[in-house]
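S.K.: Per the UniProt record's numbering: the sequence shown = residues 1 to 745.
Mixed in with the good hints, there may be bad ones.
Unchecked claim - As a list, the in silico DSS-like pairs of lysine-lysine whose alpha-carbon atoms are at most 30 Å apart: (1) K267 x K219; (2) K444 x K473; (3) K630 x K611; (4) K219 x K611; (5) K3 x K59.
Derived from the structure by calculation, the hints contain no laboratory data.
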Amino acid sequence: MSKGILQGVRVLDLAAGAAGSVAALQLSEAGAQVIKIEPPGGAPLRGSPGFAVWNRGKKSVVLDLATAEDRASLDRLLAASDVLIHEFTPREASARGLDDAALRTRFPHLIVSAASGWPSSHPDAERPPRETLVLARLGLMAEQPGHRAGPVFIRMPYASFCTAWLCAIGVVARLIQRGRGRGVGPAHTSLAQGALIPMTMHWARAETPSASFARGLDKSVAVAIHQCSDGEWIHVHYAPDAAPYMREALDALGPDGVAAANARWGKNHTAPNFGANREIFATRPAREWLEHLWAHDVAAQPAAPFGAVYFDEQARVNGYIAEVDDPQFGMTLQPGPAYSVTPPARVAHDGLRPLGADTQAVFETLAPRPTAAMAGAATAPPLEGIRILDFGAYLAGPFGAMLLADLGADVIKVEPTSGDVMRYLDRVFCGCQRGKRSVALNLKDPRIRPVVEALARWADAFHHNMRLPAARKLGLDYESLRAANPALVGCHISSYGPAGARADWPGFDQLFQAACGWEVENGGDGNPPMWLRFGVCDHLAALASAYALLLGLYHRDRTGAGQMTSASLLGATILSTGETVVHADGGVDAFARLDREQTGVSSFHRLYACKDGWVAVAALTDDEQIRFAKLVQDDAQAFFAARDRYAVEALLEDAGIAASVVREDQHDAFLDDPGNRAADLVMSAQHTTQGQLEQIGAFWNLGDARALPERAAPALGEHSREVLAALGLPEAEIEALAGAGLIAG
1 MSKGILQGVR
11 VLDLAAGAAG
21 SVAALQLSEA
31 GAQVIKIEPP
41 GGAPLRGSPG
51 FAVWNRGKKS
61 VVLDLATAED
71 RASLDRLLAA
81 SDVLIHEFTP
91 REASARGLDD
101 AALRTRFPHL
111 IVSAASGWPS
121 SHPDAERPPR
131 ETLVLARLGL
141 MAEQPGHRAG
151 PVFIRMPYAS
161 FCTAWLCAIG
171 VVARLIQRGR
181 GRGVGPAHTS
191 LAQGALIPMT
201 MHWARAETPS
211 ASFARGLDKS
221 VAVAIHQCSD
231 GEWIHVHYAP
241 DAAPYMREAL
251 DALGPDGVAA
261 ANARWGKNHT
271 APNFGANREI
281 FATRPAREWL
291 EHLWAHDVAA
301 QPAAPFGAVY
311 FDEQARVNGY
321 IAEVDDPQFG
331 MTLQPGPAYS
341 VTPPARVAHD
351 GLRPLGADTQ
361 AVFETLAPRP
371 TAAMAGAATA
381 PPLEGIRILD
391 FGAYLAGPFG
401 AMLLADLGAD
411 VIKVEPTSGD
421 VMRYLDRVFC
431 GCQRGKRSVA
441 LNLKDPRIRP
451 VVEALARWAD
461 AFHHNMRLPA
471 ARKLGLDYES
481 LRAANPALVG
491 CHISSYGPAG
501 ARADWPGFDQ
511 LFQAACGWEV
521 ENGGDGNPPM
531 WLRFGVCDHL
541 AALASAYALL
551 LGLYHRDRTG
561 AGQMTSASLL
571 GATILSTGET
581 VVHADGGVDA
591 FARLDREQTG
601 VSSFHRLYAC
611 KDGWVAVAAL
621 TDDEQIRFAK
631 LVQDDAQAFF
641 AARDRYAVEA
651 LLEDAGIAAS
661 VVREDQHDAF
671 LDDPGNRAAD
681 LVMSAQHTTQ
691 GQLEQIGAFW
701 NLGDARALPE
711 RAAPALGEHS
721 REVLAALGLP
731 EAEIEALAGA
741 GLIAG
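Model the full assembly from the supplied sequences, consistent with the hints where possible.
M.R.: As structure tokens, this is what we get:
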């Protein structure tokens with residue numbers, strides 16, 4: 001079996017939670033040796049299914065960092081490793097000698113990624129790194145419409161998985177930079193930054209906003225999750241009216257009947273006959289509808305129970321499901337790699353290593369890393385000098401390329417002369433296009449082909465999310481582009497993965513929240529399924545694609561060989577379900593279930609209503625739960641209902657219980673907050689038509705460099721002439737192309 005791309009890289013994993021552990025898992029399955037360090041007795045989550053999934057294949061070492069002897073052992077590991085991942089707050093890291101200054105002095109070769117709750121310079125940096133509390137404090141629980149009024153508990157742990165990808169991406173970007181002799185630097189991120197990933201669609205304001213920008217995306221829009229005659233639910237994206245069953249039923253209702261049905265239900269921005277559709281879907285069983293819609297190219301998926309997707313043939317054929325013989329849970333089905341590269345990612349099929357099983361062997365084979373050639377401090381963003389073509393549209397593709405621009409890559413957005421179809425939603429468009437230059441070309445005209453080939457020769461990599469038949473028709477597939485540049489690295493985001501019967505099917509975020517079980521779980525016990533309006537599956541796929549593309553570039557730096565990489569919404573969403581394991585008989589190990597009121601998963605981990613708002617509690621340790629029970633006595637809800645939220649927050653914190661006020665209506669408050677601005681969580685840049693644009697800021701903290709481009713999203717073709725001139729086209733030729741309508745801008 002060929003070795004993985006990151007063969008020879010050693011990673012120390014000190015993470016206790018999901019974010020850092022999943023990040024280290026990505027590095028491990030890409031070929032790195034990852035050493036999981038746990039205290040005597042094991043990490044708090046050891047024994048849970050999630051811990052088994054997130055830490056499979058890692059070496060297990062036990063160290064008691066309270067003792068001088070084991071701290072010296074940790075120093076030996078640090079000297080012999082390339083990467084350190086941890087989740088400590090700044091104060092906790094400093095107490096262990098793991099702050100940036102100390103590590104830089106003693107281990108100048110080491111790439112460090114802290115994935116705590118908040119950026120180290122933020123006022124909340126010392127708060128516990130618990131996703132529920134971060135979402136509450138940011139105000140994101142109030143951004144999700146629920147089955148009742150007020151903020152709702154968000155069951156899908158999307159912030160942890162976004163943070164995991166940010167951590168892994170940052171580490172590989174720094175490895176590329178270090179490997180090119182451009183120095184060493186940190187790649188820190190946080191749960192807050194992971195949570196804010198999808199808010200780029202929503203939280204932004206402009207000095208002179210267009211009507212579309214000012215409108216944004218309505219929180220109250222009706223969602224196309226329809227109940228069928230058998231009681232099952234399906235999620236349909238875009239209007240299903242052209243499908244024969246639906247067309248015939250609409251015709252039978254007649255214009256007056258359709259209008260009356262539409263009036264009985266809310267409006268959906270993609271389905272003009274939403275109400276009539278809803279009533280017609282109730283006339284046939286879900287499976288019949290799904291097979292009919294699929295046969296007529298209508299994007300739809302069932303709102304499936306958790307674990308059902310593990311038996312989906314499309315997931316299996318793409319390697320998104322792995323069989324793992326875990327020593328505790330037996331033969332299990334677990335999420336496989338969410339991306340594809342060459343050599344491929346590899347899953348450890350024997351599962352989690354026993355606690356401390358590798359302590360002796362690891363220390364017997366340690367050798368310090370050579371530091372002379374790599375010890376200089378990096379002052380530039382890690383991807384500076386790397387050139388990327390973004391042929392994507394809508395959200396997932398452009399967002400993946402934007403992440404690379406944030407890390408310093410020179411990204412050129414290549415779009416039709418009519419513009420990316422997402423331009424009609426100005427706020428969403430601006431949220432996934434910053435830091436890029438725009439070149440607008442008529443890609444369908446053969447006369448523009450020499451320009452495309454010149455761009456391919458200029459680039460190190462390209463990225464897109466169009467369906468592959470369309471890419472081949474335009475000559476934007478890997479084989480066509482590599483003819484101009486054999487060293488090119490490509491990355492494609494698909495809906496369902498590059499192999500299998502659904503490889504070329506259309507797909508959207510909503511469908512994968514449905515198919516992977518998250519709509520059922522987000523809805524709460526006994527409630528209809530609920531879609532998270534954050535578009536998290538699109539963003540998870542974008543993150544996975546950025547990681548895959550960087551692995552391709554890292555491999556090319558070592559071998560000279562280009563390659564095609566890929567990621568998908570299906571694979572990235574399945575990975576997010578890895579808090580439990582599935583068995584061959586369809587059984588799913590126990591996992592936390594949201595209550596009917598959408599307040600939480602237990603009395604210790606939920607939202608409580610106070611006199612003037614809400615407080616979130618995340619008492620996750622035994623000690624915290626004992627203290628919580630003592631504080632609230634017999635009736636927790638009465639305890640909270642009798643008090644103001646800030647008073648309750650203070651009482652809980654004084655008692656050593658992790659909690660936070662649940663903030664609401666935070667759009668402007670977040671953008672105005674001086675702490676957020678100082679921590680680079682807010683970006684401000686001049687836009688060509690929107691004026692001064694403020695939006696979500698940096699997703700990484702890079703020490704002496706900033707992961708925050710100064711360029712707002714480009715206007716259509718804003719840089720066409722500039723780029724074509726830089727490619728060597730004479731001015732007369734550029735004018736001729738413009739005159740023929742082959743370029744815009």
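S.K.: Work down the list of hints and note, for each, if the structure agrees.
M.R.: Right, here's what the structure says about each hint:
1. Only pairs whose Cα atoms come within 30 Å are accepted, and K267 paired with K219 is accepted, the gap being roughly 12 Å.
2. Distance restraint check for K444 and K473: the Cα-Cα separation of roughly 8 Å lies within the 30 Å cut-off, and the hinted pair is therefore satisfied.
3. Straight-line distance between C-alpha atoms of K630 and K611 comes to about 21 Å, which keeps the hinted pair within the 30 Å bound.
4. At most 30 Å may separate the alpha-carbon atoms for a hinted pair to count; K219 and K611 meet this at roughly 25 Å.
5. For the hint pairing K3 with K59, the CA-to-CA distance comes to about 17 Å; that is within 30 Å, so the pair holds.
The structure meets every hint from the earlier list without exception.
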